[in-house]
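Since the structure of chain A is provided, determine the placement of chains B, C and D on it from the hints.
Number of protein chains: 4
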Amino acid sequence: MSSVFGKLFTLSSWGESHGKAIGAVVDGCPAGLEISEEYIQQFLDRRKPGQSAITTQRKESDLVKILSGVFEGKTTGTPISMIVENADQHSADYEQIKDWWRPGHADEAYDSKYGFRDYRGGGRSSARETIARVAGGSIARKFLKEKCGTEFTATINIDNNSIENAKKNGDSIGGIVSLTIKNPPKNLGEPVFDRTEALLAMAMLSIPATRGFEIGKGFEAANMLGSEHNKFADGTYGGITSGEDILCRIAFKPTPSISKTQMAKNKNGAFGEISIKGRHDPCVAVRAPVIVESMAALVLMDLWLQL
Amino acid sequence: MSSVFGKLFTLSSWGESHGKAIGAVVDGCPAGLEISEEYIQQFLDRRKPGQSAITTQRKESDLVKILSGVFEGKTTGTPISMIVENADQHSADYEQIKDWWRPGHADEAYDSKYGFRDYRGGGRSSARETIARVAGGSIARKFLKEKCGTEFTATINIDNNSIENAKKNGDSIGGIVSLTIKNPPKNLGEPVFDRTEALLAMAMLSIPATRGFEIGKGFEAANMLGSEHNKFADGTYGGITSGEDILCRIAFKPTPSISKTQMAKNKNGAFGEISIKGRHDPCVAVRAPVIVESMAALVLMDLWLQL
Amino acid sequence: MSSVFGKLFTLSSWGESHGKAIGAVVDGCPAGLEISEEYIQQFLDRRKPGQSAITTQRKESDLVKILSGVFEGKTTGTPISMIVENADQHSADYEQIKDWWRPGHADEAYDSKYGFRDYRGGGRSSARETIARVAGGSIARKFLKEKCGTEFTATINIDNNSIENAKKNGDSIGGIVSLTIKNPPKNLGEPVFDRTEALLAMAMLSIPATRGFEIGKGFEAANMLGSEHNKFADGTYGGITSGEDILCRIAFKPTPSISKTQMAKNKNGAFGEISIKGRHDPCVAVRAPVIVESMAALVLMDLWLQL
Amino acid sequence: MSSVFGKLFTLSSWGESHGKAIGAVVDGCPAGLEISEEYIQQFLDRRKPGQSAITTQRKESDLVKILSGVFEGKTTGTPISMIVENADQHSADYEQIKDWWRPGHADEAYDSKYGFRDYRGGGRSSARETIARVAGGSIARKFLKEKCGTEFTATINIDNNSIENAKKNGDSIGGIVSLTIKNPPKNLGEPVFDRTEALLAMAMLSIPATRGFEIGKGFEAANMLGSEHNKFADGTYGGITSGEDILCRIAFKPTPSISKTQMAKNKNGAFGEISIKGRHDPCVAVRAPVIVESMAALVLMDLWLQL
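Residue numbers (this note's numbering), protein chains in the order written: chain A, -17 to 289; chain B, -17 to 289; chain C, -17 to 289; chain D, -17 to 289.
Excised from the complex, chain A in its bound form (with noise of 0.2 Å):
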């Protein structure tokens, strides 16, 4: 069940990137909420390509539609269903590797695991599945919002030099996300297996090329004493909140789809060197904040849930 999110407030996301459609299903969100689809939209908006010259240019409507959940501009209690109809699709430039194993990329994993695979994009684990986050953390932290005052913010670290120097050179570069979470509501998590660091950490993992995640100090805390680390305010103790702020840091890898010409293998085991075209963005990590932002709504909602 690896596309299902959460215990009481779940998101079920489906689609493939060069599919018909990406969608997402939200159940377990409170009735009374007002949700429309421009307020979706602009999250959305967001995460889109083609807004700068350091994202890839293709062009991504993106229109979502609600289906059902909501009556008269209200959640009902019932599950909201979201779309989004995928347009602007290339599936001509995967036509030409669709044998090759991409390098850095799940298509090896997928021929193992499935034994078959849709060649065209990178199936489940596209950066275009994440549409259904975004849509999904959209609700999650507009109730949030009006409950308790919570905002996400997150921003990326990295100068967009580096990202046109790879760009130039048909290469791809990694970085790091920050996030801020300002007035979480308290008492949040649990002390054993769901801290909420911990289920933090495995939403931020989950989104596709991340590596790494850090809360409060991170990995400095490991040279730091006791006696420091004690006045710091730390945003959770025993894994649960105090409301205090949260901050986060989560490394992305560079992309692993360039142009610049690679050694590849292939399904029947040959080497051969492939340039993946496409218009791929050379920093993942430059559209990732509202994704990490909307996986920490997804999170602190299901977890207010379970006060």
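A hint or two may mislead.
Copies of the same chain look alike in the list, so a pair counts if it fits in one copy or across any two.
Only pairs whose alpha carbons sit at most 25 Å apart, straight line, appear in this in silico SDA-like list of lysine to any residue [as the list claims (entries may be wrong)]:
#1 K129 / Y96
#2 K(-11) / A13
#3 K242 / G55
#4 K168 / L15
#5 K213 / Q24
#6 K242 / Q288
#7 K2 / S43
#8 K168 / Q288
#9 K124 / S144
#10 K124 / Q288
#11 K259 / D93
If you're looking for bench data, these hints aren't it; they were derived computationally from the structure.
Coordinates of chains B, C and D only, in the frame set by chain A:
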């Protein structure tokens, strides 16, 4: 449901640091695996304090008893109940600070969340709860070793001097644990939410005192080019294991229990100086490697059953 | 999380009877299964109203579209999203009773639980929601048929006369559906909580209007001697399937929507007479067999994946 | 995961009928509930055999010990571990039939599913496992009684004569248990899969030897007209509790363990006559009421936490 871990191979953990016993119930273990108390004991012994100058001097006998699930030396497919009685308890050490919220501890969070707290020790967020994880993990790793040749090895990267210095000053220090999973089963994990790295991250951040998690190149990947990173054997692709070794690093903060005098708040909102008595680890990371290995084994075992 | 069914083979159901569409997302289906819209459609057609004098005359085209998870005619192991647009809606029929709580209906319960209600039709507890179950079940049964030769056949045990009589009087009547599962896979189910019969009972009692469930000899077994009953092929022993055929019976109450005048309460506590217009089934059990078969297939498929 | 029940209020059940002990871990119980071993014991005593001529004469002391989760007489919000040691074991009774599959028992199913079996007693599908359910249920019902005034009362509907006749003939007989839930909390349950009746049905059919479940008018409803049935206080509407009393009936088959000579198969496929020694209940339903009450309490408690 904070105290049950896993989907098909589940670990139920119970027991307080200063209660009668600590226990674990493992459900979903395939029948026919040879398991003995002696076998499990060796892993518990590795996490036991009092083994060197740089760990706490509490003497914990920590003898495990198997109460169910094993018949004629082999698992029967039924729940395996294991119990470790608590022996050497210095509850008196806690009596004097029972109204105080120890800095960096979950005391205040517990009082806020549950309105009621067993003031003796850290309750469920205590390091002692990890006995259950090690007992449960010992079964998972045995299965994976015999079935797939998988081995889990974690080490701590810190010099003893800095720990002894901290100890001398009544202080504590953090640390980083490195984990290598050799020969992990192939095809574990799912491409969306149940990515192998996401479940490992959750497992690790559920260990008390953890603040960060990395897999593969981790935060370093943020500064790498795609053309470089693609050459690296990453262990998981699109969340799915490739059978290559998996490398993780986990950051531990310094234990908040220090004898050095600190300012603290109490239940009534008053401030005062406290010194935490009792025999506490100057560096919790020292005893953490076997816990880290155990959690990793639980994650992979659960995913293996979902293959 | 009321709208997600199953552990490894999950069905997420969404959509209101009078919203834009009804949909289902199936996750966890193995890759490589041939699935087409035509195949699924034949099961949806079996539950469709308007097929005989004894079912409602609503014309539901109920054409299913597959939006994801199938590539070149075969499942890819990714979530299968299916959608059925709502067409023939007589919301006006509901407008006049929107403030009334229909006797035997969930109207009052909804208002009490959610404080807010889509008064058009039965919302999520409507029979129309079962489209999602039939669509999802059609995939499960295809897999089980091809893999294990399993077949699900349900029939209704009621004479048409009594239904027509009820209809003539603006009334409704209950019914019993009998289910035979031929060649179920062996070894499904677990001996404690996840007994096959427990999961079947839950699945059946989650169908709207159900009030009873029997397996094997059912209530008759209460009057049998052990020496007799032991000779009977019971299908499950200790909760585990033996591979013998499984027999179940499910009791449906009469649909509460009747045009016959009834006393009803409204939101303000007032009482009055109402007559429920619209085209309702005089006996919901008539269309239920394919729903019963579908739920049984979902249960067995989920257990099969846990083998 | 057959041995964990519930979503937020979870019961982990462990232990074999002829192992060292039987135990239960309850997780998710709110803090502050007064619980003592004496309180729990009274419910265990009700399911204890040897209390009358019509139950088995095994003497089970069945004394429960609380090992965690209760501090100064009150729950702390942490897992409550309870244990009952197994005392009076007549494993020798089983030695002679260890290679035989007892008719109507799970012996063959266990050998087929797990390839390995503890031949002493019924293993996990034994009636003795229900100790865990009664212990866990006793906590749930106390909470619901104090918080909502809810009371669970089950009775068996069978005359003692037929049981004594069966006993005299070395035979057994089935029975029906009727359950009344007085003052259930309002608004429990969800309209689709987690309907209150669905969860109750699952809970009841997970009790060993059950074959049928009814709620409200049950199978009788199948022959009723809507105009009649709508007048009946049904307890749940659209799966949601109304606060009205809930009535259920549960069918138990005759216990398959009888001393009367029966034909049986053994592991090698041979047939022969066996007589099952040991002290078995002539009617398992006699001791079932407290088990039925306990399972109902677990279901309602879990739903209550999801409100």
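Hints and how they fare:
1. With identical chains, the CA atoms of K129 and Y96 are at most 25 Å apart between copies only, with a shortest distance of 17 Å across copies and 43 Å within one.
2. Taking CA atoms no more than 25 Å apart as the test, K(-11) paired with A13 passes in both settings, with 17 Å inside one copy and 21 Å between copies.
3. With identical chains, the CA atoms of K242 and G55 are never at most 25 Å apart, being 49 Å at best within one copy and 34 Å at best between copies.
4. For the homomeric pair K168 and L15, the shortest alpha-carbon distances inside one copy (21 Å) and between copies (22 Å) are both at most 25 Å.
5. Taking the shortest Cα distances, K213 and Q24 never come within 25 Å of each other, neither inside one copy (39 Å) nor across copies (37 Å).
6. Taking the closest pair of Cα atoms, K242 and Q288 never come within 25 Å of each other, the shortest separation being 48 Å inside a single copy and 37 Å across copies.
7. When the C-alpha separation of K2 and S43 is checked against a cutoff of 25 Å, the pair qualifies both within a copy, at 14 Å, and between copies, at 22 Å.
8. With identical chains, the CA atoms of K168 and Q288 are at most 25 Å apart both within one copy (12 Å) and between copies (19 Å).
9. In this assembly of identical chains, the alpha carbons of K124 and S144 never lie at most 25 Å apart, being 35 Å within a copy and 47 Å across copies at closest.
10. In this assembly of identical chains, the alpha carbons of K124 and Q288 lie at most 25 Å apart whether taken from the same copy (18 Å) or from different copies (21 Å).
11. For a Cα distance limit of 25 Å, the shortest separation of K259 from D93 inside one copy, 21 Å, qualifies, whereas the shortest one across copies, 55 Å, does not.
Checked against the numbered hints given earlier, the structure breaks hints 3, 5, 6 and 9 and satisfies all the rest.
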